[in-house]
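Participant: The hints should help you fit chain Z onto chain X, whose structure is shown.
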Amino acid sequence: MLAVRNLEVVYNDVILVLRGVSLDVADGKIVALLGANGAGKTTLLRAISGLLDVHDGEVTKGSVTLDGEPIHRHNPAKIVRLGVKQVLEGRRIFAELSVDENLRTGAHTNAKHVRENLDRVYSLFPVLKERHKGTAGYLSGGEQQMLAMGRALMSNPRYLLLDEPSLGLAPLLVQQVRDLIVEINKQGTTVLLVEQNATMALSVAEHGYVMETGKIVMDRPAKELLDDSDIREFYLGLGAEGTAKSFRDVKHYKRRKRWLS
Amino acid sequence: MKELLSSTLAGLGQGSVYALLALGFVIIYKSMRVISFAQPALMLAGAVLVSYLVGPFGFIIAVILGVVGIALLGLGLERTVIRPMVGKPVFVVAIITLGIDIALRVVINGFIGTDVRQVGDPWGFSRVSLLGVTVQERYIAMFLTTAVVITVLFAFFKYTRLGLATRAASYDQETALAQGISVSTVFAMAWAIAGGLAAIAGTFVATGVGVDQQLWIIALKALPAIILGGLDSLGGAVVGGLTIGVVESLIATYQSDFAPWLGDNFSVVSPYVVMLLVLLVKPYGLFGTKEVERV
Chain X
1 MLAVRNLEVV YNDVILVLRG VSLDVADGKI VALLGANGAG KTTLLRAISG
51 LLDVHDGEVT KGSVTLDGEP IHRHNPAKIV RLGVKQVLEG RRIFAELSVD
101 ENLRTGAHTN AKHVRENLDR VYSLFPVLKE RHKGTAGYLS GGEQQMLAMG
151 RALMSNPRYL LLDEPSLGLA PLLVQQVRDL IVEINKQGTT VLLVEQNATM
201 ALSVAEHGYV METGKIVMDR PAKELLDDSD IREFYLGLGA EGTAKSFRDV
251 KHYKRRKRWL S
Chain Z
1 MKELLSSTLA GLGQGSVYAL LALGFVIIYK SMRVISFAQP ALMLAGAVLV
51 SYLVGPFGFI IAVILGVVGI ALLGLGLERT VIRPMVGKPV FVVAIITLGI
101 DIALRVVING FIGTDVRQVG DPWGFSRVSL LGVTVQERYI AMFLTTAVVI
151 TVLFAFFKYT RLGLATRAAS YDQETALAQG ISVSTVFAMA WAIAGGLAAI
201 AGTFVATGVG VDQQLWIIAL KALPAIILGG LDSLGGAVVG GLTIGVVESL
251 IATYQSDFAP WLGDNFSVVS PYVVMLLVLL VKPYGLFGTK EVERV
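One line per chain: the protein sequences are X and Z, in this order.
Taking the numbering used here, the leading residue of the first sequence gets 1, the next gets one more, and so forth.
Taking the numbering used here, the leading residue of the second sequence gets 1, the next gets one more, and so forth.
Since the hints were derived computationally from the structure, they do not count as laboratory data.
Here the structure is a predicted model, which means the values were calculated and not measured.
One or more of the hints may lead you astray.
[What the hints assert, rightly or not] Once the Cα atoms are required to be at most 25 Å apart in a straight line, the calculated DSS-like pairs of lysine-lysine come out as: (1) X:Lys223 / X:Lys29; (2) Z:Lys158 / X:Lys133; (3) X:Lys133 / X:Lys112; (4) Z:Lys158 / X:Lys129; (5) Z:Lys158 / X:Lys112.
Chain Z on its own, in the form it takes in the complex:
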């Protein structure tokens, strides 16, 4: 029982990182109808930036600066590379984001080198006992931080003028323009938010284990998360991310006992298996918007 609980808690921690990444994908998708494959590079950039800033500034300030920095990077990418492509086929834009991802990662790898860089987080691998269940502190930190970030984000979309404008523009751009909403501001903001979220996620992924050149692969697990939750649902991205995290963690804990014939490290691919199963049953994901229609 304790093993189950601690595995679930670890999964929730890891899953909240996937949720942050998935939110970045969904926010860009909702505003531009494009899946941005540049998220992995932005995540890696965030982790690396924090690893450089942590020396002079300390962890907390380094994370804040890192988030601002990567948000600006996202903003810059949108302004320079994506903006001229607005109106072009979605597929073209998606491929361009793939190009951004590769190019950016090559540059970042130069800053990582062959070593593993540390983000200098206060948690490392130290553990804490919660009601008798042992769990790594960093997972608790991930979960709590994500909860705060998500609450702020949802409040932003629900209550602020700009958040409302974003939702309006994602539903119907021309009508939003006719209300005086600047759609280009909405696009830019979506990229900035996605960048900031990726930076937080990158930092948390690197807690304990550090940053190496392969860290970006973790960001791909956000894809099963968003497909699980439905591409255009913010809530779905969060639920999808947490689900993927928990499933992965539970399989890592129990698979060797119950299904050893699957071989080692089956947990690594388990998110994609979950994604396939969900797509078979619900092709639009669990929370994909059903169209609002009068009958």
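Just chain X, with the same shape it has in the complex:
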């Protein structure tokens, strides 16, 4: 199990971004992490995958543990070897390399099983197989997202941390990505899914966390979150229809206060 306990992260020695975050990712599940921009979702993922250093960030308190062993002091390469892999926000494929080479970089820590993993990725993403010799930078946005996910799967990770896989994709492609996440999960990879698209995330996840300004403010099974009136209003854009709206209701922050206090 991947567990985060009371995690505090500081950027540039002064900016406190995570303020005591705790979260559990149980094996075999899909866990969704929701939150507005700037809530600290990406920072949490960086803390887990060891990429804080690049951004001058540091874990000052708390811990990230994998099966009880702390991993938040390890370097990213070691964490990848332990089976935790992050797909960065915005795809971040190596545009100048070919699709094939992109996938092989993903297998850097698992060079022995390149063939099997390549077959697996190509069967998950047949589009990539068609264009495996092509320059990755010329793929469409959806294909690039699949390439980024496929590249992460090349080391056959136990835990996949997905940072906004639906970013900038058309609704139909979002559905496709969602189905792929379910498929990847079925094949035995645990997924921690960070999303702005709450409907999509909660429709596949079993458990959901909601973050706001560096704290976890809700921690419920996904079904309950989908029915929660605050979540429906703030994240799903589904207000209570038919009821008269007064300006008092529009002041979101007043109602948010309820869970921040």
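Facilitator: Relative to the frame of chain X, chain Z by itself:
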């Protein structure tokens, strides 16, 4: 005609040395986005090391040991001096490499002394006739060795796991880290390769003429070569190096006949003139990567 051919061949030989040096610059630039001005010192160190080893071990083994030695020196410099500066502005790192260059050369000069040291190569100034064209053997040796080295290097970057990791890290460090690639290994390797290449180049520059304290100036001709080829292109570095070598050689042969008013030794500055002309027409060099972008 024969004069033209032999001049071109000599140019290709000399140019392949520039290409080796230019490759060192480009490999470091690609991995760290920094131009390392320590290359001249590494080249000089290589030549001097070989000149000391050639006595007990013979030329071939001395060169191999020299390459390994200077690669380790490059590695050591990266670990001790450059590594703490990662993340600092590129300009700062570039100036530090300049400092390394000067400091290193002062130390090396102590080993050279006032004499000219010989690297004990088997070629000297002896000539051979190829299809009626006379050319110095050492130029042929330079060209062939460089061809082999470059082939190995390109195969390394294209096919090996570490080579691929280097290319990935040079494109996007954070993403490379997220794939489990150790970027610090990539940096260290870049410096080691650049050191090894500089050592080979230094040895070849010193063939025939020997090593003196001014040998390092030749390494500066790699700068026009890389700018000609485009800073981040390995192929460009090779083409740039060869072009500079040939141009220099042809001008040395023909300038006194066709443009005597330019004075003596115009060939020495000709690489820089070529560089200026290319920059006027193609500011990113001949082979600088055009960004891959969907339209």
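Participant: For the pair supplied as a hint, X:Lys133 and X:Lys112, confirm whether the alpha-carbon distance does not exceed 25 Å.
Facilitator: Judged against 25 Å, a Cα distance of about 22 Å means the pair holds.
Participant: Between the alpha carbons of Z:Lys158 and X:Lys133, is the straight-line distance 25 Å or under?
Facilitator: Distance ~13 Å between Z:Lys158 and X:Lys133 Cα, so the pair holds.
Participant: Can the restraint linking Z:Lys158 and X:Lys112 be considered satisfied, given a maximum Cα separation of 25 Å?
Facilitator: holds, 18 Å
Participant: Is the straight-line distance between the alpha-carbon of X:Lys223 and that of X:Lys29 25 Å or less?
Facilitator: Distance of about 14 Å is within 25 Å: holds.
Participant: Does X:Lys129 lie within 25 Å of Z:Lys158 when you go C-alpha to C-alpha?
Facilitator: OK: Z:Lys158 and X:Lys129 at ~20 Å, within 25 Å.
Hint check: no violations occur; every hint is consistent with the structure.
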